[in-house]
Amino acid sequence: MSKRITNFDQSVEISDKATIGQGCHIGSRSRILGPAKIGNDVWLDTNVTIYGNVTVQDSTYIGSNCIIGYLRRQDLKQLIKDKSIENSVTGTTIIGKKCVIRPGSVIYVDSRMEDEVELGHNVILREEVSVGNRSLIGTNVVVDGNTTIGKGVSIQTGSYICKKSIIEDFVFLGPYCVLTNDRYVMRLEVELEGPTIKKGASIGGNSTIMPGVTIGEGSVVGAQAVVTENVADNSICVGIPARISKNVPASWKNLLEERYNKT
Amino acid sequence: MSKRITNFDQSVEISDKATIGQGCHIGSRSRILGPAKIGNDVWLDTNVTIYGNVTVQDSTYIGSNCIIGYLRRQDLKQLIKDKSIENSVTGTTIIGKKCVIRPGSVIYVDSRMEDEVELGHNVILREEVSVGNRSLIGTNVVVDGNTTIGKGVSIQTGSYICKKSIIEDFVFLGPYCVLTNDRYVMRLEVELEGPTIKKGASIGGNSTIMPGVTIGEGSVVGAQAVVTENVADNSICVGIPARISKNVPASWKNLLEERYNKT
Amino acid sequence: MSKRITNFDQSVEISDKATIGQGCHIGSRSRILGPAKIGNDVWLDTNVTIYGNVTVQDSTYIGSNCIIGYLRRQDLKQLIKDKSIENSVTGTTIIGKKCVIRPGSVIYVDSRMEDEVELGHNVILREEVSVGNRSLIGTNVVVDGNTTIGKGVSIQTGSYICKKSIIEDFVFLGPYCVLTNDRYVMRLEVELEGPTIKKGASIGGNSTIMPGVTIGEGSVVGAQAVVTENVADNSICVGIPARISKNVPASWKNLLEERYNKT
Chain G
0 MSKRITNFDQ
10 SVEISDKATI
20 GQGCHIGSRS
30 RILGPAKIGN
40 DVWLDTNVTI
50 YGNVTVQDST
60 YIGSNCIIGY
70 LRRQDLKQLI
80 KDKSIENSVT
90 GTTIIGKKCV
100 IRPGSVIYVD
110 SRMEDEVELG
120 HNVILREEVS
130 VGNRSLIGTN
140 VVVDGNTTIG
150 KGVSIQTGSY
160 ICKKSIIEDF
170 VFLGPYCVLT
180 NDRYVMRLEV
190 ELEGPTIKKG
200 ASIGGNSTIM
210 PGVTIGEGSV
220 VGAQAVVTEN
230 VADNSICVGI
240 PARISKNVPA
250 SWKNLLEERY
260 NKT
Chain Y
0 MSKRITNFDQ
10 SVEISDKATI
20 GQGCHIGSRS
30 RILGPAKIGN
40 DVWLDTNVTI
50 YGNVTVQDST
60 YIGSNCIIGY
70 LRRQDLKQLI
80 KDKSIENSVT
90 GTTIIGKKCV
100 IRPGSVIYVD
110 SRMEDEVELG
120 HNVILREEVS
130 VGNRSLIGTN
140 VVVDGNTTIG
150 KGVSIQTGSY
160 ICKKSIIEDF
170 VFLGPYCVLT
180 NDRYVMRLEV
190 ELEGPTIKKG
200 ASIGGNSTIM
210 PGVTIGEGSV
220 VGAQAVVTEN
230 VADNSICVGI
240 PARISKNVPA
250 SWKNLLEERY
260 NKT
Chain E
0 MSKRITNFDQ
10 SVEISDKATI
20 GQGCHIGSRS
30 RILGPAKIGN
40 DVWLDTNVTI
50 YGNVTVQDST
60 YIGSNCIIGY
70 LRRQDLKQLI
80 KDKSIENSVT
90 GTTIIGKKCV
100 IRPGSVIYVD
110 SRMEDEVELG
120 HNVILREEVS
130 VGNRSLIGTN
140 VVVDGNTTIG
150 KGVSIQTGSY
160 ICKKSIIEDF
170 VFLGPYCVLT
180 NDRYVMRLEV
190 ELEGPTIKKG
200 ASIGGNSTIM
210 PGVTIGEGSV
220 VGAQAVVTEN
230 VADNSICVGI
240 PARISKNVPA
250 SWKNLLEERY
260 NKT
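Going line by line, the protein sequences match chains G, Y and E. Read in order, the letters of the first sequence correspond to residues 0 to 262 in numbering that gives the first Met the number 0. Read in order, the letters of the second sequence correspond to residues 0 to 262 in numbering that gives the first Met the number 0. Read in order, the letters of the third sequence correspond to residues 0 to 262 in numbering that gives the first Met the number 0.
FYI, nobody ran anything at the bench for these hints, they're computed from the structure. Wrong hints could be hidden among the right ones.
Pairs count within a copy or across copies, as identical chains cannot be separated in the list.
Here are the simulated BS3-like pairs of lysine-lysine, each with C-alpha atoms no more than 30 angstroms apart in a straight line [claimed, not checked]:
#1 76 / 36
#2 76 / 198
#3 80 / 150
#4 198 / 82
#5 245 / 97
#6 252 / 198
#7 198 / 162
#8 96 / 198
#9 245 / 76
#10 197 / 80
#11 97 / 82
#12 162 / 97
#13 82 / 252
#14 96 / 162
#15 16 / 261
#16 162 / 150
#17 245 / 150
#18 150 / 197
#19 36 / 252
#20 36 / 80
#21 245 / 96
#22 162 / 197
#23 96 / 261
#24 96 / 252
#25 97 / 76
With the hints as constraints, model all of the structure from the sequences given.
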């Protein structure tokens, strides 16, 4: 059973406090710098960095140049003062089973993804982001902090999820959707308020969702719309600013939910 | 002729099956993991990975942290099961002569670029993408699979080319153009249908091109338009949804084609 | 005072011409390839490359996989011919004190940032870009060459600043703003002309600013607007094309300027 032996060369750096399961591949020059818990059959490619208290569960793939458990802003400042990674990294990060994290992605500390989540290239998940089972987050997507993403969600290439957003189960965001949270663009002191996209809603590509707006359950937003007000459940809305044009036809389904339940 | 000696240090990993020409620079920690054929005078910077059966022709530059011949989705799944790069990588990838591939770019297996193609930083070309002679693909552009890009094309920073797109010769796409292929945003079972941008068309920045739409030869689309229907040849169209406002003036030329033919 | 000793292992490559201050951390496999001047207490993480004549001042953090002093286009061509980094890199690059440059960012030669500038992940600053004190440039932002950015500016995630732009002090750009400089999308020979965003203006997310346009001091542009003409000082404009709807209310402030002056 030679496949069950964990494999790495001398260029790898592993903290004494880390534990590593069986059958892992730890690529050359990867660094596990703190008390990480790596499960069985995990594949870390080359030049991966894992900071602090990170759990990576069985059969997950982490591509080259990825960073897991990255430091939040104040911890970076601390690092520069202290020159100690160990003192600077606090919090815990959890990566579920059978996840795919493609090269160049960065997951901050205190984020958590459930099983079979799949990321594209250069995805950034800031601190305190959670991602549900089997969600897919495309290349170059940036998810800012304190955001919740449900299960079976599909976020296409290049979308931007601002701080304090809520994205429920089976939501579809087309490419380059932009969620925003500061209605007054730094001209009035207001609390940042991310959008809420309710269960099973679909947003067309290149749309902008304004701060604090709720998109109703099962609703559909057209491509390049600007949604400035709440959208009722099961509505189709289009335009700038977006207006409701009709209800979602009875024949439409949520393919993300259907496929999730089938497999 | 010391310049003609291929140069690398012990940190480099090269498969026995690879062949490497004269006068190459293989940067530290680069990895050539399969039966690659590297021509003469190729420059690979540091931490480049080349998977599988990749050809890189003479005098091409590949910047640091690039990945060439990257695994498609099902091959990644295979890799995690098998723990063998050799079994998981299938297909061939071809990079022409005198190409420039800037740091952080990733080119998937079964893609092919002709000579003197130039990529910005962090460009992602998915599987089965072809790019013609002397085309330029800007920083952060993502080209999804099964897409054809002609020669002399210029795709500016941050544009997104969806799966199954066709982009003919001398097309110009401004920054952050978004091509889409799913009209029903995962609410109806339809076949994905990418746009076709015909020879010499120019698309303004931040536009959205809807699924299956054809932009006619030599036509011009204004900035931030949403093109929902086919556009006739040599037309100017603007707005949301885009409407034809007039014909392209006789005095306008295609500078991409002119410059291509001149040099 | 062990903390004041500069620290690095054998995998680090440092040119004989470089000078390095006290208390630095030079991460594994980082490369300082020319006559760089590194101040005190600088943190370079792993796999950082510094080309040529680069100054990095005290207490700056440079994340993993960053490249500083990267080669402009013609220098890359030279590099491929000459096979000599030393001959190919010309010009100087200056990074101020207490800057934060997150992983994956690339700063070209002849750029300059003042003190306490903060960059997100994968930021690209092309050649001859200057950035003033304590400005913040978000993840995935690309700033093309010959661009000036003032002090106390905030550019949110994913925005694109084209060549020859001027962005004055305390400007706010929301996420995915696109500045453009070629009105004729490569169909007429015109000189590229970037926009000018005057002091304290705020631009909403996903907007497009057309070539040569000036946004007046203190003005506000709505989300996803297309600004085709100059905007007077202290105006609010919205829509496609953007029209002035009213003056900025007297109660609005510039929080970026206020916070800058307070601390």
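Status of the hints after comparison with the structure:
For a Cα distance limit of 30 angstroms, the shortest separation of residue 76 from residue 36 qualifies both inside one copy, at 26 angstroms, and across copies, at 22 angstroms. Proximity of residue 76 and residue 198 under a CA criterion of 30 angstroms is satisfied inter-copy only: 29 angstroms between copies versus 38 angstroms inside one chain copy. For the homomeric pair residue 80 and residue 150, the shortest alpha-carbon distance between copies (24 angstroms) is at most 30 angstroms, but the shortest distance inside one copy (39 angstroms) is not. In the homo-oligomer, the alpha carbons of residue 198 and residue 82 never lie at most 30 angstroms apart, since the shortest distance is 45 angstroms inside one protomer and 37 angstroms across protomers.
For a Cα distance limit of 30 angstroms, the shortest separation of residue 245 from residue 97 qualifies neither inside one copy, at 40 angstroms, nor across copies, at 54 angstroms. For the identical chains of this complex, residue 252 and residue 198 are intra-copy neighbours only, at 13 angstroms inside a copy versus 37 angstroms across copies, given an alpha-carbon limit of 30 angstroms. In this assembly of identical chains, the alpha carbons of residue 198 and residue 162 lie at most 30 angstroms apart whether taken from the same copy (19 angstroms) or from different copies (26 angstroms). In this homomeric assembly, residue 96 and residue 198 come within 30 angstroms of each other (Cα to Cα) only inside a single copy, at 24 angstroms, whereas the closest approach across copies is 47 angstroms.
For a Cα distance limit of 30 angstroms, the shortest separation of residue 245 from residue 76 qualifies neither inside one copy, at 51 angstroms, nor across copies, at 42 angstroms. Taking the closest pair of Cα atoms, residue 197 and residue 80 never come within 30 angstroms of each other, the shortest separation being 43 angstroms inside a single copy and 36 angstroms across copies. For a Cα distance limit of 30 angstroms, the shortest separation of residue 97 from residue 82 across copies, 14 angstroms, qualifies, whereas the shortest one inside one copy, 34 angstroms, does not. Taking the shortest alpha-carbon separations for residue 162 and residue 97, both the intra-copy value of 27 angstroms and the inter-copy value of 25 angstroms come in at or below 30 angstroms.
Taking the shortest Cα distances, residue 82 and residue 252 never come within 30 angstroms of each other, neither inside one copy (54 angstroms) nor across copies (38 angstroms). Proximity of residue 96 to residue 162 under the C-alpha cut-off of 30 angstroms is found in both arrangements, the shortest distances being 26 angstroms within a copy and 28 angstroms between copies. Neither within a single protomer nor between protomers do residue 16 and residue 261 lie at most 30 angstroms apart by alpha-carbon distance, with minima of 41 angstroms and 43 angstroms respectively. Both within a single protomer and between protomers do residue 162 and residue 150 lie at most 30 angstroms apart by alpha-carbon distance, with minima of 19 angstroms and 24 angstroms respectively.
Proximity of residue 245 to residue 150 under the C-alpha cut-off of 30 angstroms is restricted to the intra-copy arrangement: shortest distance 27 angstroms within a copy versus 43 angstroms between copies. Taking the closest pair of Cα atoms, residue 150 and residue 197 come within 30 angstroms of each other only inside a single copy of the chain (12 angstroms); across copies the shortest separation is 39 angstroms, beyond that limit. In the homo-oligomer, the alpha carbons of residue 36 and residue 252 never lie at most 30 angstroms apart, since the shortest distance is 40 angstroms inside one protomer and 48 angstroms across protomers. In this assembly of identical chains, the alpha carbons of residue 36 and residue 80 lie at most 30 angstroms apart whether taken from the same copy (28 angstroms) or from different copies (20 angstroms).
For the homomeric pair residue 245 and residue 96, neither the shortest alpha-carbon distance inside one copy (41 angstroms) nor that between copies (54 angstroms) is at most 30 angstroms. For the homomeric pair residue 162 and residue 197, the shortest alpha-carbon distances inside one copy (17 angstroms) and between copies (27 angstroms) are both at most 30 angstroms. For the identical chains of this complex, residue 96 and residue 261 are intra-copy neighbours only, at 19 angstroms inside a copy versus 47 angstroms across copies, given an alpha-carbon limit of 30 angstroms. For a Cα distance limit of 30 angstroms, the shortest separation of residue 96 from residue 252 inside one copy, 29 angstroms, qualifies, whereas the shortest one across copies, 48 angstroms, does not.
In this assembly of identical chains, the alpha carbons of residue 97 and residue 76 lie at most 30 angstroms apart only when taken from different copies (9 angstroms versus 34 angstroms within one copy).
Checked against the numbered hints given earlier, this structure breaks hints 4, 5, 9, 10, 13, 15, 19, 21; the rest are met.
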